[in-house]
Amino acid sequence: MSEAGHPADDDDLRERVRRLADALPPADHEDGDHRLNPEGAESWLAAVPREAAVLVPIVDRPAGLQVLLTTRAANLRQHAGQISFPGGGIDPDDAGPAAAALREAWEEIGLRSAEVDLLGVLPRYRTTSGFRIHPVVGRVDPGFTPRLNDTEVADIFEVPLRFLMDPANHRRDSRFWRGHMRHFYVMPFAERHIWGVTAGILRGLFERLYPE
1 MSEAGHPADD DDLRERVRRL ADALPPADHE DGDHRLNPEG AESWLAAVPR
51 EAAVLVPIVD RPAGLQVLLT TRAANLRQHA GQISFPGGGI DPDDAGPAAA
101 ALREAWEEIG LRSAEVDLLG VLPRYRTTSG FRIHPVVGRV DPGFTPRLND
151 TEVADIFEVP LRFLMDPANH RRDSRFWRGH MRHFYVMPFA ERHIWGVTAG
201 ILRGLFERLY PE
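For the sequence shown, UniProt numbering assigns the number 1 to the initial residue and increments by one for each residue that follows.
Keep in mind that a hint or two might mislead.
Computed Cβ-Cβ distance ranges for the label pairs, DEER-style [stated by the list, open to error]:
1. Pro92 <-> Leu118: 16 to 24 Å
2. Pro142 <-> Glu42: 39 to 47 Å
3. Pro38 <-> Ala95: 18 to 26 Å
4. Leu45 <-> Arg171: 31 to 39 Å
5. Glu207 <-> Glu158: 32 to 40 Å
6. Ala21 <-> Ala95: 12 to 20 Å
7. Ala168 <-> Gly96: 32 to 40 Å
8. Glu191 <-> Asn75: 17 to 25 Å
9. Ala21 <-> Phe144: 19 to 27 Å
10. Gly40 <-> Arg18: 21 to 29 Å
Read the hints as simulated data drawn from the structure, not as lab findings. Just so it is clear, CB atoms sit at the ideal spot from N, CA and C, and this is done for glycine as well.
Let the hints inform the model, and build the full structure from the sequences given.
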C-alpha cells in the first residue's frame with residue numbers, strides 16, 4: 001500500500017487487524033519521536049527512560065472498526081487536555097506492559113480486562129519527554145460501557161480505524177518546544193486534534209498493518 005492509498009474496505013482492515021501479531025517487528029525495535037526529530041536525539045535516547053504502557057482499544061461496530069480515544073483531564077500536570085490512549089506508568093507490581101495497560105484502562109475508563117482480547121504489542125515508542133511507551137493493541141467488547149475517572153479523563157470518543165489508517169490523514173506539523181523545533185504527526189478528525197505521541201503510535205500501527 002502506497003502513501004497515496006487507503007484501506008480498501010472494512011473487511012480487508014479487519015483481516016489485517018486479525019493478523020497483527022504476524023506483522024510485529026523484532027523485539028529490539030524502537031519507534032519514537034526521534035524518527036521525525038533525529039537531530040540531538042542521541043542524548044535523550046541514551047537516558048534511562050520511564051517505562052509506560054497504553055492500550056490501543058479497537059471496537060468492531062456495524063459501521064466498521066473504531067478506535068477508542070480519551071481526552072485527558074484539564075487538571076493533570078502532564079499533557080492536560082490532550083487526546084491519548086488509556087495508559088500510564090508501569091508499576092513494579094504489574095506483570096508486564098499488557099497488564100499495566102489493562103490496569104490503567106480499568107482505572108481510567110472502567111474497561112475490564114475480561115472485555116479485552118489482546119491482539120499484539122506495537123514497537124516501543126520513545127518520547128522526548130523521557131518515556132518508553134509500550135503500545136498494546138486489544139479488541140474491545142462492543143457492549144463495553146465507559147465509566148470515566150474524571151480526575152484523569154474528561155471525555156472518551158471513537159474514531160473510525162479506516163480514517164486513522166488512511167495516510168492522506170497523516171499530516172506533519174511542527175512547533176518550538178524547549179528551545180528546539182519539534183516535528184510530529186497530526187490527524188485532525190472533526191473538532192478533535194489528534195497529535196504528538198498518540199498520532200505517532202497510530203502511524204506505527206499503520207506501518208504494521210500496511211508494510212507494503
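So, going through the hints one by one against the coordinates:
1. Pro92 <-> Leu118: 16 to 24 Å: holds, 21 Å
2. Pro142 <-> Glu42: 39 to 47 Å: Holds, since Pro142 and Glu42 (Cβ atoms, about 44 Å apart) stay within the stated range.
3. Pro38 <-> Ala95: 18 to 26 Å: violated, 34 Å
4. Leu45 <-> Arg171: 31 to 39 Å: Check failed, 25 Å falls outside 31 to 39 Å.
5. Glu207 <-> Glu158: 32 to 40 Å: violated, 22 Å
6. Ala21 <-> Ala95: 12 to 20 Å: holds, 19 Å
7. Ala168 <-> Gly96: 32 to 40 Å: Holds - the Cβ-Cβ distance for Ala168 and Gly96, about 36 Å, lies within 32 to 40 Å.
8. Glu191 <-> Asn75: 17 to 25 Å: holds, 21 Å
9. Ala21 <-> Phe144: 19 to 27 Å: holds, 22 Å
10. Gly40 <-> Arg18: 21 to 29 Å: Hint violated: Cβ distance 40 Å, outside 21 to 29 Å.
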